[in-house]
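Whole structure, please, built from the sequences with the hints as guidance.
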Amino acid sequence: MRLAGMLGALLLLGACATERTPTYRELERSASVYERGGVSGIAAPQNAEDATARNTCGARSFRDRIGTPVADMQVPASVRVIAPGTAVTDDFRSNRLNIITDEHGVIIALQCY
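Residue numbers for the sequence shown follow my numbering, beginning at 206 and rising by one.
To be clear, the hints were calculated from the coordinates, so they are not data collected in a lab.
Don't take every hint at face value.
[Stated by the list, open to error] What follows is a list of derived Cβ distance ranges for each label pair:
no., residue 1, residue 2, range
1, Y229, I271, 36 to 44 Å
2, E254, G310, 21 to 29 Å
3, V311, A236, 41 to 49 Å
4, H309, T228, 43 to 51 Å
5, R225, E308, 40 to 48 Å
Note that the Cβ used here is the ideal one computed from N, Cα and C, for glycine as well.
As structure tokens, then:
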């Protein structure tokens, strides 16, 4: 009975784990990359180019839509569609997907900012 209670408690504690802790080897690899290039793989991106390269907003899942009209796409509410002349805020959010279109509404780029 006591053993069953302890096993149940361990299972509950295991279910509370939310995120995997990186291993020392992974941290060491990130540190060596940072030392060589000056950019940490685990640091938050600081600009749109870095965020887009890291796919922080999920842009890669929409890249097959480049060259197609944005009107043919169901755009999630959190996504910004930016046409020429559209006013946009200057704040940087690495997890925000921006769909850039030409004057005809055809998707020409996907960026995270």
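Cross-check of the supplied hints:
no. : hint                    : result
1   : Y229 x I271: 36 to 44 Å : 40 Å, holds
2   : E254 x G310: 21 to 29 Å : 25 Å, holds
3   : V311 x A236: 41 to 49 Å : 43 Å, holds
4   : H309 x T228: 43 to 51 Å : 49 Å, holds
5   : R225 x E308: 40 to 48 Å : 46 Å, holds
Checked against the numbered hints listed earlier, the structure breaks none of them; every hint is satisfied.
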